Amino acid sequence: MQKNLSKYVSVKLTSDLSKLSDNERKMIPVLIKAANKMNDLFWYESYGDKAELLNSISDADTKTYVKINYGPWDRLDGDKVFLTENTAKSHGAEFYPKDMSKEEFEKANLAEKDGLYSIIERNDEGKLVTIAYSEKYSDEINRAAAILEKAATFADDKEFANYLKMRAEALRTDEYQASDFAWMDMKNNPVDVVIGPIENYEDQLFGYRAAFESYVLIKDLSWSEKLAKYAQYLPELQKELPVPRKYKAEVPGSDADLNAYDVIYYAGHSNAGSKTIAINLPNDEQVQLKKGTRRLQLKNAMRAKFDTIMLPIAETLIVPEQRKNVTFTGFFANTMFHEVAHGLGIKNTLNNKGTVRQSLKEHASALEEGKADILGLYMVRQLLEKGVITEGKLEEYYTTFMAGIFRSVRFGASSAHGKANMVRFNYFQEKGAFSRNEQGLYSVNMDKMSEAIDSLSKLILTLQGNGDYQGVDKLVAERGIISNTLAADLARLETAKIPVDIVFKQGKQVLGL
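Note that my numbering has the sequence shown beginning at 70, numbered continuously upward.
One thing to keep in mind: the hints can contain errors.
[Unchecked claim] Each computed SDA-like pair below joins lysine to any residue, with the alpha-carbon atoms no more than 25 Å apart:
hint : residue 1 : residue 2
1    : Lys288    : Asn105
2    : Lys176    : Asp193
3    : Lys288    : Lys167
4    : Lys359    : Pro304
5    : Lys167    : Glu209
6    : Lys462    : Glu384
None of these hints come from the bench; they were simulated from the model.
Computed from a predicted model, the values in this text were never measured in an experiment.
Construct the complete structure from the given sequences, taking the supplied hints into account.
So, in structure tokens, the structure goes:
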């Protein structure tokens, strides 16, 4: 268990709160309290009865590892069971009955069948029924909503206060779109919170259901000013995508926000296993098409991962002459443009199969993450050529990206990001975008990397636009695997005692509140 815990390095989540008002400093502990309700709700979705599980464990290290994973399954090792007397994790987590087959679900006549904000249960007669989150988890949700309303009373920014009240109402009604629009309209609030059922990665059966999570955030005004100019290039970059015109006919919103934040609290799904270092929201396709999205770069968490994980990986796996190209500038930009690139491409299929998310089901998340990585690199290259990006050379961004693949592949097959990285690693290798020498060190071929980025961009956007479930299934089956050579190289990172990810010391005490 100590070996398991060594996969993570502990990091303090702090920020400079001196520029906040007294009210804002009073609001932060209230927002953290609301975020903790998302912890309770995510436990129900990922495992079930948290107290029963934790009370059955006497060893402190084991209990800590269970808390990191929100259950007895190792999220960095393909959800393998690490506690005896526990069965394999259900692909549908706790969103569906354990004994339900995909076929039974497909045949069932259910309301909100692919709804984001409901679970599927069996009634007294054994038939499948849909139950809304607001009904299933009414006690916790009503408490969380009341806490958000209290937080609103401390908000100096009227738009933020309005958002908090609207989000509270959304939790009670399962109607989130209005609060998503309100969140998009906020521009001036130094404190922010992302809260509610948001990402659908936990539902690995269909990718339909959203899991509860939260981030409490402090805006970094100086870094945010530097990033503001990039969002305006989205429509132009969309037109230039290396894909036939029909796959880029949608016009992304150009009033999207691009900002840097210090994250001071993670809870629920965002805190389980590998930690997010950037956010691109809302996920609602209608909001995205009308307003775009907000991209939040979590700078302090990003810096922690770069210093403790990325640099040691480069020293272990990248050829000496290219190690200098692994930079925080490259890491920050690649992560940022990954989030921006979620706004490019296509949201709705071209052949009446509904949204891309609905048609690609459990593969939608992994393919979307793969798209964002590839189009993010494409954007960096285009903006460097246009002279919009003035920091660093293309070699920095490409080599840092290569080191980043090794970092993300270690998240395992149960992670959408990990799966996307395996597909891309194998594709790049086939196209000669990088090579491995006799010492097991990797180097990037700049020209072939550019060619591979363009061809993989075209492949992914075509699969999404066609809603080609079978095509994606084949791509993941053939390329979403770790070869023996790569497995041996990843083992070298373990031997070098390089952590896989970070865990947090976080909360009021850490912040001095």
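Here is what the structure says about each hint:
no. : hint             : in the structure
1   : Lys288 to Asn105 : holds (21 Å)
2   : Lys176 to Asp193 : holds (19 Å)
3   : Lys288 to Lys167 : violated (42 Å)
4   : Lys359 to Pro304 : holds (13 Å)
5   : Lys167 to Glu209 : holds (24 Å)
6   : Lys462 to Glu384 : holds (20 Å)
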